[in-house]
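Two chains, two frames, a set of hints: combine them into the complex.
Next come the chains, spelled out residue by residue.
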Amino acid sequence: MTRHLLRLLAARPGPQLLLDACWTLLRTTLLLTGLLLQAALDTLANGSGDWGQIPLWAGLLAVNEAARLALWYGLVLPRLEPGYTYTVRAGLQDRVLDALLARPAGAAPRHPTGEVVSRLGGDADEVGVFAIWSASNVARLLVAGAAVAVLWATDVRATLALVALIALVTAVGRALGGPVERHRAASRAAAGEVGTRVAEIVGGLATVRAGRAEERVVARLAEANAVRRRAAVRDEVLTSLQGAVLRATTALGTGAVLLLVAGQMRAGRFSLGDLALFLAYLPFVTEAVHTLGTLPGRVRQAGVSLGRLAQLADGPARLVTPAPVHLRAEPPPSAPPPARSPLERLTATGLGYRHADGQRALRGIDLELTAGSATVVTGPVGAGKSTLLRLVAGQLPPGEGELWWNGQRIARPQEFLVPPRCGYLPQEARLFSGTLRENILLGREPDESAVRAAVRLALLEDDLARMPDGLETVVGPRGQRLSGGQVRRVALARLLSREPELLVLDDPLAGLDIDTARALWTNLRARRRALLLVAHEPWVLREADAHAELPRA
Amino acid sequence: MPPAVSPAPFRPLSLALPYLAPHRGRLALLGVALVASTAVAVAAPQLLRRFVDRAAEGAGTGTLLWAAAAFAGLALLAEALLVLGDALAARVAWSATNALRLDLVRHCLRLDLTFTQRHPPGALVDRIDGDVGRLANLFSRMVPLLIANGLLLLGIGVALLATDWRVALGYLPLVGGGVVLLRRLTRGAVPAAAAQRAASAALLGRVAEHVDGLPDLRGAGANDVARRAFWRDAATLLAVARHAITLGVRWPAAAQGLASAGLLLALLAGAALHLGGHLSLGGAYVLIAYAGMLQMPLLHIAHQAHDLQQALGAWQRVGELLAERPSVVDGPGRLPRPAGGALGVALEEVTFRYAPDEKPALDGVTLRLAPGRRLALLGRTGSGKSTLAGLLFRFADPTSGRVLLDGHDLRGLSGDSVRRQVGLVTQEVRIFHATVRENVSLFDTWLSDRQIEAAVREVGLGDWLDALPDGLSTRLGAGGRPVSEGEAQLLSLARVLVTDPALVVLDEPTSRLSPAGRRALHTATERLLAGRTAVLVAHQLDTVRTADEVAVLADGRLVEHGPRAALLEDPDSEFSRRLSAGELGR
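Respectively, the protein sequence lines represent chains H and A.
Taking the working numbering, the leading residue of the first sequence gets 159, the next gets one more, and so forth.
Taking the working numbering, the leading residue of the second sequence gets -7, the next gets one more, and so forth.
Isolated chain A, as found in the complex (with noise of 0.2 Å):
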């Protein structure tokens, strides 16, 4: 059964914590640079005051240039402490976006290939690839920057305090005072920015359809629909993409004015404090220094904040995933090797629902095949078929009833185990971008390249390797040799047979190959075949000749099973009258 969905809450740091604590000795580093580089940085202007009051009170050249050189190689250290901090942030960010991509896969190997068929494959790849990519910005970029900026902030606290408390107790309102304008300012800017996106493709969009259907507009004399629409939705871009920048604008401009507002104070106050005795010339100075200083951490700080929802998003959708569960669980008992080679099958008033609220894709099938059989299973699309096929491989388990292999229910088992018994040849043929070896093996290195090339030669592509440039080790798809669609279906084939499977499940090909494809698949199918027990969902006509039974599904139901030659002698069967339909693919 499917699991019920149920939203799991969002808990970002506890599905952070396991991928960032084997860093933890990086991450430790990372602060330390972190916080060195803020000291640093604030520690420079002090050389500057100390310059200008050992100046003012006429100190010695060398003096003068002590303080000069030290602080040129302070302002260098703390650039340096950066590099540092940005290789540490890049490593860790890295290495664990790393690991949860690698689970992320591992996840979605687990879970029922009934939630990964309702999720189309670019969605899962977008989380897998996009999302995690987006959290590597994140942890590499985004985060670093926040804390240094905010570090810097708070940096440049303290030194005032060392400095003047007065100054200070003044810097306290003008900062707190920009944390509360950042919410309200930057509020609305991103969707704002998203609609101006929005505009832009929409414009981008009609003009493309205007294009293509040139033939259409000059036919109906109306090429100037196109222009005027251009113009239009121009002039629509023009007015949401004022709004979005009018928006954008508001906390650059918030801390801008901060920073004026700052300086004007810090020489304000310098000035009062200096000519009140209370702060040398140089202290004077350094608060506009420190002034000067503001304004990068401020605007930084708001261009991180937009990047964070975004990433935030992400960071969410990848836990959905995670929090996906899968119904089958192994059972603790093994598939043995049958005796002779061939499985028994059995299935037990099956029933099986995709949702719970659907109808059953599988209603109370009861079916036996002894071993060593070979059953076609026919049944128009939708019928189940390719579900019954499913179920004999452990991607689900019935909804009621029991699959039996050799007399094993499959639910005491591990899918592991079933699937080393059990071949698959899926309908759609996958080609990984990857060596022929690689291909065949399924990148299983346990398999010598003797084995390999038995199986590639048992299906009849002997002449087809011996015509590669690298043989086994030739890389295939694209960027490599290009596969037609009968090689693939040949490979596919090799991959089964050079696992030796005791029973095989085959989801016919609907493809169109040529009469002399078809001829090489059904050579190398029949040599698969050869002493197993197999299944095959059958379109064409051929293969079911090769059957010794067969069993007929409709909408779930089996409505017919026996003997393929009694069930063709008979005129009233079920298979009879859809032989004589043409229902099958010659």
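Here chain H stands alone, though its shape is the one from the complex (with noise of 0.2 Å):
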């Protein structure tokens, strides 16, 4: 994955690179520090006893650390950065995003939406932050060389000792990283144990009380809190010796530059200037071997983050050919529905499916569909009424057999199969957060005649004369507010808003009562267009112009 991670980040070179120059200009203006300060100490311990040019070096110093201020906190935080994360990760989860819908919907997920959302958030901003962090430690790596450099042209013993040090601390540190782990995990596992009992003995207050056990769940809570305590104890003061080594190494080069310039200082051939410049450069040099120590975990991280979205997106190649991003500027707006060519004759032929496990779930269908029909499909639980319902209006690829309109064969039912042409009600309906006017336009112009007409024919009116808000009533996510039956005829208005020359409905009377069962059952007729339908009422048997009953499965 990480030639996947270099690719993604390659497609979008501009950002990359200024971030990476301003960067690098920023830490520039540290080794500009140090050098500054080494000059003004340098004119102060010649002995002349006079200013001589400080007020110039200290002057230089004002402005570079003003740039540097302006820099970092007026572009590169609150802007570039910002402006890159998020182009990447919405870049990421755009291209997933993509992917996922132009998956067959009638089709069983291949992960959970948990995983997926969790996919989405932590690991597309795994990558995001990655993008940022990468532009940042190159800069820090590059101006770690150029800070090596100087003091190497300054004094080579010292240089070469005072790296060689640094490295071996940064080790000693790295070294401590396992046992911090293990006992993170151990320390996570004891709040865990914690945990569970606390929320068993409050899930269970009557049954403790009765039992009169109170004080001895209180000690078995006890018991847990004290292995909690030592393992949390453990992990906090590993972490802080993890720490504590890494701000050490800072302290013991100072020492050791102290020790090997003590002779060369003592004869004046190492200045003050050049102790502060290598006390100046060393946490430079130090936080450098530390990022070297921690790239390839941070890439592996990333790179398994990619990975991740990459399952969801049917592989890599999606997520790193660049996409156009809309972060500034309104999305363009929907392409139009296709223009309506009204059906005489929805023919299916040999119409079969398998599921994704190999199992059967139809076989060699046969069904013709004509305008003001209306046609029942009944059957056995099982015996694949919504998988031929899915067939019919392109939900699922098609496995065996054909579909034809007005005659022609449909290639890609997929795509064809859509209002104006087609609307399909899933037997599980759902709404989207937003208001019902919203949930039944769908990103639709509004119409406001069109939303009454559906409104009226899928005999939402009373309904909406009992809320205070009407159309603009807010629906919670996924319809929470309303009951089943009414997010469903909600669906259903969504779909007859869009008048389609086919109607495929998946049980749309389930759980109503007679009376509105009936009602509905007339209006839908009353289109004058095709109707396919699951339903079980034998009223409904009766007064439909065909019946497809499948057998058992």
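Simulated from the structure, these hints should not be mistaken for lab results.
Please note that the accuracy of each hint is not assured.
Ranges of calculated distance between the beta carbons of each label pair, as one might list FRET restraints [to be verified]:
no. : chain 1 : residue 1 : chain 2 : residue 2 : range
1   : H       : Ala333    : A       : Gly65     : 19 to 25 Å
2   : H       : Glu488    : A       : Pro165    : 46 to 52 Å
3   : A       : Ala459    : H       : Arg268    : 35 to 41 Å
4   : A       : Glu350    : H       : His705    : 51 to 57 Å
If we take Cβ atoms under 10 Å as the criterion, some of the chain H residues that face chain A in the derived model are [said to hold, decoys possible]:
no. : residue
5   : Leu193
6   : Leu194
7   : Gly207
8   : Ala263
9   : Ala377
10  : Asn383
11  : Thr412
12  : Val415
13  : Ala569
14  : Gln572
Glycine included, every Cβ here is placed at the ideal spot set by N, Cα and C.
What follows is the structure, given as structure tokens:
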């Protein structure tokens, strides 16, 4: 995945290079600070007893510091970094969403939604943060290289010793990493046990009190508490020790420099300014060595995240191909719906389907739906009623058999069978967060008369009259604030407002009282367009034009 | 009566003191470690000064080497002291918050069930586990860091004063200005960061909705809606994030600016003082070293200030929970063991309200049950059956009227002595992640394995027990052996049986058991109730058939009470009518 990670970063070279340049510039000002201090201190130490060039160095120092502050806090942190990281993030999320939306809607999802959301959140974030982390740290390594070069020019021996020492101490710090991880895991497990026991007691307060077990369950919690305390203290001490080792690198480095240059300094070959320069650059070298240590881990982590996203997006190719982002302007308008072509006859021949696990769901179905006719599908549970409807409505990739629209073969049912040609109502219809009107329009241009007509046909007028906000009523996430029957009828109104030539409805009358069901049936028939539905009510079977009974699977 | 809700004044320190007091010694040591590490950290640059001055004077290499080694040694010592401080702080924080957690659990076990029923268990667990955990972090990390960084700023000031009073005079407004800016510049950053998290959650929430509703989107030809909504949410998120970051970097920028200003001032002041003959070359250099130490504490203090706000919120919520008072007060009396092993029950004009302004859950109920008799309580959901059962247990006291067991008013008795004689089988069974032994004895180690095993066999779980890999020591629940609904019901009967109560209150499960499971439960229930007084909150016809007496509750009122046989014969009785209406499950 490292290769794909690099391709992803290379896909947007502009922001990446700009950020690289800014970080390099920014870190170069840190180098300049050291050089300016060196110059000023050497002037001070030369024994002439006057200010010399010190005011000039101080003035340059002020400009240098101000430039860094402006660049860092005025441009890089609040503008460039969020712009870049959110572009990478949103770009990845968009590509994954694109893949998910292109998938057959009727097929079982390959990943649970919770997993999809967790990857779209955590993993896209990880890669996005890696993009800016890499820019900052490439600059860090470059500038540390420059710092070492400057030090090298000042004193080769001290520089070599310093770098060796820093590498050694950093290695010690990293060796602590394993135990730190282990103890952190132990601490988390102990915390989990405490949480479980607390939840058990709080969930069973009546049981505990009835059994007069109050003190006993408290004692049991105390045991878990003690285990957790020991684990947590160990974890914190180790973490603290690791931090101390990293901080001590600078202290030890300073001591080492002092020891190494003591003789030189006494002999006048190493100035106060040189010392200041060494001590000022020491942290840069430490940080760079630390970065080198963590680099493989960061790359691996980002690669794993990219891999998890690639699984959602059917492979990495789609992810690393640049696609337009719309973070600064409105996204482009939706493509207009296809032109209406009146349906005379939809023919299905030899329809069959196997699920992803190879199990056969349906075999050899022939159907003919004509304009104005109503066809009812019946059959026992598991006979494949829903699968048949999904196939006819283009919700599944055609497994076997073919679909013909007015005698012309439909090559791509998924793209062809959309409103205003075909509308499909799933068995478990869902609404989306927003108002009822937004749910009915669902992206279409507002058309008041079409909405009103659909509301009337779907028998929603009485329901709306009882809602103070009418069509502006906000439904909760997934339509939670409405009853199941209301959700289904709103979803039906959404389809009816699109006036499709063919309506494919999976069990639209279920759970409705007989009067409502009859009224809805009348309204659906009155449209005089083709209708394919699953229903169980005997009176529907009697009044329908055709009846397809599926045998037991 | 539920306690009157009065917002308790929030006094964080008086809440914390009892928990910190036992750790006086460690806290004193922690203070010493923090002060010492600061002193050492601040003293180390003085060795640099010595080094530079001695080198300039042309002193022997030995002196220089000594100063260099001492510098490294002091710096390491400062780090070691900090680690020691962290260890002490962690020890104190986790011990103190462990004690607080236990107190909170004890407290919840004392509170009226009416209080705990009003709060979802998740919320209480978050108080006891989540908030207390946040407090542990506060004490173990944030407070020590805050103190250490504050001390460091103070120590630098002292060191500057020792170097030259004029420099210290310049340092004061620098740090003072920082403190003023700190409050001003960090305001608004926390809500902006929360808005950023909310925008991110909204984006992901909508994506989840659209992914779940893919058939609906496709069926309506509206796939584009998902992508358009995504890009709008993403653009909003970027704008909100930029705003949050812009506010969030204001303080770090100020801290960096202050440190830069400090560096510049240190250079100029050092040069001026050195050229004026007031300060050695090393002295001038050490000013720059101190300026370099300024930035980290300034940044840290701001960082901790954010977390501190959250921890204070947790602290306050814990304080509120501890301020809740139970309404049931233990009486001095103890309920004696009845001579025949069965208790008589009487309710006299009992009225109970969950809250003063609510309509009564029980309304003037008077009822008598002789020792050894079995009463079935009937009534629809909300008619007051479970409330009545809870009163027999003294989970609450009646708003008016009296509940008597063997003629003793429960108000005059200790709750513990009542519950020693009264066994409760709750409707919902809790199985603990513990062994069979612990689940039956509820962790009572005084009960012998023989007693526990006898109870398990008595309720019909003998074969089940024999099949367990570790017998009574087999762990149950998640991670151990799974327990079926029916087994759980039987275990809950064994739990009560092993305590040998004189009155059994049984809130019958409504869950649907298999016919075999129902038969087993029925047999076990008969064994538990034999020779004891029993009050059954009944949902099943089978259960009612075994009762001697039937009482029917409606809207908190007792509408009928009499011998079962007599009520059954009278076709006009409420009991008969409910039977024929099929209101009871089979």
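(message) Hint by hint, where does the structure go against what was stated? Just the numbers, ascending.
(response) Hints 5, 13 are the ones this structure does not satisfy, whereas the remaining hints hold.
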